[in-house]
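Participant: These are the residues of each chain, in order.
Protein chains: 4
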Amino acid sequence: MLIVMKQDATQEDVERVNEVIEKLGFRPHPMPGAARTAIGITGNQGAVDRTHFENLPGVADAIRVTKPYKLISKTLRPEKSVIKVGNATIGGDELAMIAGPCAVESFDQVFEAAEIVASSGAKFFRGGAFKPRTSPYAFQGKGEEGLKILAQVREQFDLNIVTEAMDEHGVDLVEKYGDCIQIGTRNMQNFSLLKYVGQTRKPVLLKRGMSATLDEFLLAAEYIMAEGNYDVILCERGIRTFNRYARNTLDLSIVPAVHKISHLPVIVDPSHATGHNYMVAPMAKAGVAVGADGLIIEVHPCPEEALCDGAQAMLPEQYFELNEQVKAMRELMFPVKETVAV
Amino acid sequence: MLIVMKQDATQEDVERVNEVIEKLGFRPHPMPGAARTAIGITGNQGAVDRTHFENLPGVADAIRVTKPYKLISKTLRPEKSVIKVGNATIGGDELAMIAGPCAVESFDQVFEAAEIVASSGAKFFRGGAFKPRTSPYAFQGKGEEGLKILAQVREQFDLNIVTEAMDEHGVDLVEKYGDCIQIGTRNMQNFSLLKYVGQTRKPVLLKRGMSATLDEFLLAAEYIMAEGNYDVILCERGIRTFNRYARNTLDLSIVPAVHKISHLPVIVDPSHATGHNYMVAPMAKAGVAVGADGLIIEVHPCPEEALCDGAQAMLPEQYFELNEQVKAMRELMFPVKETVAV
Amino acid sequence: MLIVMKQDATQEDVERVNEVIEKLGFRPHPMPGAARTAIGITGNQGAVDRTHFENLPGVADAIRVTKPYKLISKTLRPEKSVIKVGNATIGGDELAMIAGPCAVESFDQVFEAAEIVASSGAKFFRGGAFKPRTSPYAFQGKGEEGLKILAQVREQFDLNIVTEAMDEHGVDLVEKYGDCIQIGTRNMQNFSLLKYVGQTRKPVLLKRGMSATLDEFLLAAEYIMAEGNYDVILCERGIRTFNRYARNTLDLSIVPAVHKISHLPVIVDPSHATGHNYMVAPMAKAGVAVGADGLIIEVHPCPEEALCDGAQAMLPEQYFELNEQVKAMRELMFPVKETVAV
Amino acid sequence: MLIVMKQDATQEDVERVNEVIEKLGFRPHPMPGAARTAIGITGNQGAVDRTHFENLPGVADAIRVTKPYKLISKTLRPEKSVIKVGNATIGGDELAMIAGPCAVESFDQVFEAAEIVASSGAKFFRGGAFKPRTSPYAFQGKGEEGLKILAQVREQFDLNIVTEAMDEHGVDLVEKYGDCIQIGTRNMQNFSLLKYVGQTRKPVLLKRGMSATLDEFLLAAEYIMAEGNYDVILCERGIRTFNRYARNTLDLSIVPAVHKISHLPVIVDPSHATGHNYMVAPMAKAGVAVGADGLIIEVHPCPEEALCDGAQAMLPEQYFELNEQVKAMRELMFPVKETVAV
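Residue numbers (my numbering), protein chains in the order written: chain Y, 1 to 342; chain U, 1 to 342; chain D, 1 to 342; chain P, 1 to 342.
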């Protein structure tokens with residue numbers, strides 16, 4: 001069930017509804033919107049009696065939810081969510097560019113990459129300190145030491161740090177050093193971890209599982225939101241198909257599909273999806289054209305020396321060129337309204 | 001093996017090489033290019049002795065081919081092929097827009113659709129007279145009667161007709177009435193049919209099979225070309241994956257993958273791939289952004305009355321809007337060089 | 001619609017119903033069963049008025065068909081179909097073993113293989129004279145010459161010949177020389193070819209398309225049956241998935257799925273599905289255990305010299321061992337009732 | 001690198017090699033086999049100098065490992081591993097039957113099911129106390145309370161308990177109450193969890209991820225073994241494909257593929273793979289025929305009342321019948337050698 005408040009409902013009205021929900025033993029999830037606030041209810045088994053709500057002051061309607069998801073849905077919040085990540089946002093008019101190396105390897109490598117990213121005007125820096133590797137014998141990341149380097153990048157370059165956590169300990173550390181907790185594709189249905197990041201108050205970048213359906217993807221976000229953390233950014237990064245010429249198949253049609261159902265922003269990762277340098281730029285542009293809210297791109301000062309995924313990293317000059325092109329495309333597609341200075 | 005001719009080789013030189021190839025019992029496939037002509041050789045079992053060619057006048061080099069394909073390859077023709085279809089081309093600077101209804105249903109429906117398409121400035125009209133339907137009891141198309149309607153469209157609107165053939169009889173008819181023979185996804189590895197269209201002299205639009213690998217797709221084109229018909233346009237139309245929210249998964253990464261290996265143009269069909277009206281425009285734009293040479297779009301004057309695939313057809317006004325947007329995107333991506341009038 | 005006849009309906013009653021159907025402009029498909037005859041109707045657009053039939057003598061019921069298929073369905077024929085192929089059957093109590101080389105290469109190779117197959121007690125011999133190869137430059141089969149060799153095998157070894165046709169000309173030839181027309185996986189939705197074999201009176205072995213759904217597979221059989229040829233044997237031969245350790249993924253669960261819906265027999269091809277010799281025997285046994293009506297196995301007197309697919313062919317001794325094992329398994333699973341000699 | 005000991009090497013010889021490995025800063029993994037012991041080395045970056053080992057007493061050979069996996073491999077242990085689970089084993093001659101309800105729902109439901117399972121002669125009982133559900137609002141399992149019920153089942157029925165853990169806390173609890181820790185399909189690449197169960201000394205049942213390749217599956221086992229827990233049982237439970245008639249596609253060909261490379265046992269889960277009651281028995285039999293070391297089957301005293309996955313659970317009588325059939329099949333395939341009592 002969700003409670004839609006009237007446009008002129010007061011904060012007091014909203015709180016009164018919250019209290020009623022809590023008294024019933026459930027959990028209220030108020031979502032303020034441009035025109036009105038709606039309040040999702042979770043924790044109930046079966047239907048909630050609407051008569052509890054319909055006569056409360058400020059309540060416009062009490063709506064049964066028939067879909068498996070409640071909080072990710074546009075029924076609850078018709079406008080797109082604009083998620084604050086550090087001192088910037090994802091989901092608004094501006095295309096979010098998240099760039100950086102696959103893995104944090106050394107102070108110098110990270111700082112060189114950060115200089116490139118910062119000079120391009122991007123506001124987000126990526127780089128993994130914990131790396132989920134298929135083999136236990138592959139480089140597993142530099143851990144906390146890597147996170148400290150990323151924290152210095154934020155200091156020096158004013159970039160917001162997006163970095164992966166693989167378990168509760170990692171979440172605690174990323175909360176301390178970073179700005180956005182990435183949940184990787186292999187953990188998309190690690191429900192214990194989803195609940196745990198749902199209890200932090202850092203935004204979460206949730207990557208789609210390699211064979212996740214649309215519903216599974218949205219319900220993974222719902223796991224996080226049901227714990228009270230509403231700042232979820234979805235990320236398409238390629239699905240597993242029979243294709244062999246690219247590492248995975250970037251499924252861009254999920255972008256309009258998500259936008260049709262959910263208020264959450266969705267970004268695209270062409271680097272991991274394709275695994276090949278020559279495909280990254282065209283697929284990044286396709287991601288922008290299809291309406292993604294951002295891109296996450298691997299750029300490495302020296303790809304041939306990368307400890308991990310060097311084959312897909314962009315060279316600095318490729319990245320700069322792409323950055324200009326996607327800005328121009330975004331401007332063409334969504335011309336930013338001029339604000340008249342008074 | 002392929003024979004690369006010198007830049008200043010004469011037509012006579014080329015013909016002399018062709019004759020040698022034929023005398024050896026093989027088939028020559030001369031491909032004139034901007035800088036030089038190359039001649040592919042088919043019909044040989046195993047290696048051809050290069051000493052037959054290296055001292056002939058005009059021959060620059062004789063190259064062993066180690067890939068499974070010969071004629072589709074950029075080794076043979078480094079420049080992109082620009083395919084003539086009726087009085088227009090596909091593969092050049094201009095984005096090719098092929099639009100029309102899924103099936104030819106009636107004179108009125110087709111003419112209404114053709115008026116929309118022609119007024120948008122598109123040069124190609126699509127519409128099926130032979131429909132490959134999953135069920136034998138579904139509408140199978142109007143056959144020759146439908147083709148005659150399409151021929152009238154060409155007369156009246158100066159549109160070039162792209163339409164499917166499902167067997168040899170159909171190929172004969174499309175050759176008579178249309179401008180481009182479409183081979184559908186279910187026939188991509190109908191090798192007998194591929195050989196048959198390879199013997200016509202009409203361009204062929206070859207749709208990717210629903211689970212075709214890149215190599216299988218390119219080798220299907222090779223089947224056509226090996227028979228002497230070099231005018232093949234590839235078309236990505238969605239692959240079969242576990243996804244259920246779209247009919248198929250449009251695999252846009254195949255566009256740069258094809259362009260890396262082959263000189264053939266490749267277009268994108270977002271209508272069949274997605275099966276949903278709301279996804280067609282975003283995926284069409286993504287197709288243009290990724291570098292496709294054209295789009296094939298279903299537009300129907302009255303989608304809710306369509307006998308086939310109405311759910312995915314665009315309304316006229318949606319189509320006009322999309323058309324403007326993709327033109328602007330194409331212009332942004334590949335600004336057409338101004339020709340200075342002297 | 002389908003018309004169920006009473007148990008005691010006469011042949012005359014059936015014919016009267018057929019006539020009524022034909023007068024309405026439709027096509028009757030009478031299917032005699034153990035307990036009663038039912039008559040499928042095709043050719044109608046929309047519902048048929050049941051009042052035409054319900055008062056005719058011998059008619060028990062007139063049933064609306066709500067599924068996309070009519071003739072493959074157990075609603076029409078509740079008992080499993082036992083298909084006559086040459087002088088043997090597929091679909092009865094006995095496991096059908098179809099064995100032989102991938103391709104007909106030479107008289108000696110085929111006769112050596114046939115000796116092995118015949119001595120194992122198998123009743124069916126396979127071997128391709130027309131080979132659908134991914135590349136136009138690969139060995140395409142020996143054509144009619146190959147079929148003549150197969151016809152000699154039938155003469156000499158009393159084996160029934162199962163061999164592929166790829167087009168109408170091939171169908172005509174297989175009809176002349178062979179006992180069962182195989183339609184390959186790449187032609188499963190070559191609807192023109194399906195209609196053509198539907199007009200022959202030879203049984204058809206229909207291989208599942210590499211990415212065909214259950215409904216698409218059954219409807220491909222329906223295409224053949226709608227033309228009046230009811231002798232269709234389905235064959236699972238592996239689907240295309242992300243797996244790389246086997247050529248395709250043998251989808252054995254389709255065997256019970258087909259048997260739940262359809263009266264048609266379904267056999268399994270572990271050779272093409274796996275592509276690896278070491279997997280053929282275990283997957284063949286799994287096919288028998290799951291309830292398949294037969295196996296189609298590649299055996300080659302000398303696999304390392306095979307012109308096509310040698311890596312998957314069984315050695316003679318492997319084949320003999322497998323043959324013994326699956327006979328024992330089949331006997332365990334479906335003990336043949338002893339017939340008391342009087 | 002792996003060190004192969006001579007047949008007559010003493011325990012002292014093995015320990016000396018272990019010490020040398022540890023002094024080099026690496027970790028030794030001794031695997032005693034029927035004929036000889038081999039010692040895997042992990043923790044090294046790059047090659048290890050073999051001269052450290054080749055002159056040590058008892059050392060037969062020092063072998064470079066070129067595959068991504070070391071400990072799962074038959075190179076290290078040529079014989080199949082027989083894993084002790086509670087008071088029984090998996091991987092030996094006897095087919096392991098693991099049966100029980102999907103989820104622990106109540107004391108009565110579990111005890112009723114356990115009675116059925118025990119009376120069939122099975123030695124393992126399954127039932128989930130922690131349920132990884134796609135939706136946060138679905139029944140999530142009874143947690144520790146459920147584990148206590150399972151512990152009582154072990155007491156009363158002498159059944160060994162196989163049950164899932166989803167996080168470190170769950171692993172601790174399953175270690176306390178159960179006999180085998182199941183890692184579910186969604187956690188197959190939850191590498192932190194794999195490392196954690198690698199540090200317990202309870203056997204681990206590792207389910208294949210829904211889109212895991214063979215290498216990814218084996219390397220997930222390698223993660224566990226690299227931590228020193230060598231008791232890993234692999235489980236095929238269906239992969240995600242385009243098929244819709246079954247929940248997933250049971251990929252039985254992975255059984256021979258695993259057995260070719262690895263010494264680990266592999267079992268099959270036909271219940272989760274198919275999701276349909278009518279498919280469970282045929283696919284279970286196919287699993288036995290293909291050579292699986294065991295089956296994990298859902299049986300519920302009252303499937304229509306199950307809180308989770310009732311559609312796939314077997315009825316008691318179906319389960320008894322299947323149990324008899326697979327025992328007979330196993331006996332046919334691998335006749336147990338009679339032991340002569342002296």
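No lab work stands behind these hints, which were simulated from the structure alone.
Some hints could be false.
What the hints assert, rightly or not - Straight-line Cα separation of at most 27 angstroms, DSS-like style, residue types lysine-lysine; simulated pairs:
#1 327(D) x 195(U)
#2 260(U) x 176(D)
#3 260(P) x 195(Y)
#4 80(Y) x 148(Y)
#5 260(P) x 327(D)
#6 176(P) x 176(Y)
#7 148(D) x 176(U)
#8 6(U) x 327(Y)
#9 176(P) x 195(Y)
#10 195(Y) x 67(P)
#11 260(U) x 327(Y)
#12 176(U) x 202(U)
#13 148(U) x 195(D)
Claimed, not checked - Rough simulated footprint, nothing fancy, chain D against chain U, three-plus residues with beta-carbon under 8 angstroms:
#14 113 to 126
#15 222 to 229
Predicted model, so just to flag it, every value in this text is computed and none were measured.
Where a beta carbon is used, it is the ideal one built from N, C-alpha and C, also for glycine.
Participant: Now tell me, hint by hint, if it's right for this structure.
Facilitator: So, going through the hints one by one against the coordinates:
| no. | hint | in the structure |
| --- | --- | --- |
| 1 | 327(D) x 195(U) | violated, 43 angstroms |
| 2 | 260(U) x 176(D) | violated, 47 angstroms |
| 3 | 260(P) x 195(Y) | violated, 40 angstroms |
| 4 | 80(Y) x 148(Y) | violated, 33 angstroms |
| 5 | 260(P) x 327(D) | holds, 25 angstroms |
| 6 | 176(P) x 176(Y) | violated, 33 angstroms |
| 7 | 148(D) x 176(U) | violated, 38 angstroms |
| 8 | 6(U) x 327(Y) | violated, 44 angstroms |
| 9 | 176(P) x 195(Y) | holds, 24 angstroms |
| 10 | 195(Y) x 67(P) | violated, 37 angstroms |
| 11 | 260(U) x 327(Y) | holds, 25 angstroms |
| 12 | 176(U) x 202(U) | holds, 10 angstroms |
| 13 | 148(U) x 195(D) | holds, 24 angstroms |
| 14 | 113 to 126 | violated (count 0) |
| 15 | 222 to 229 | holds (count 3) |
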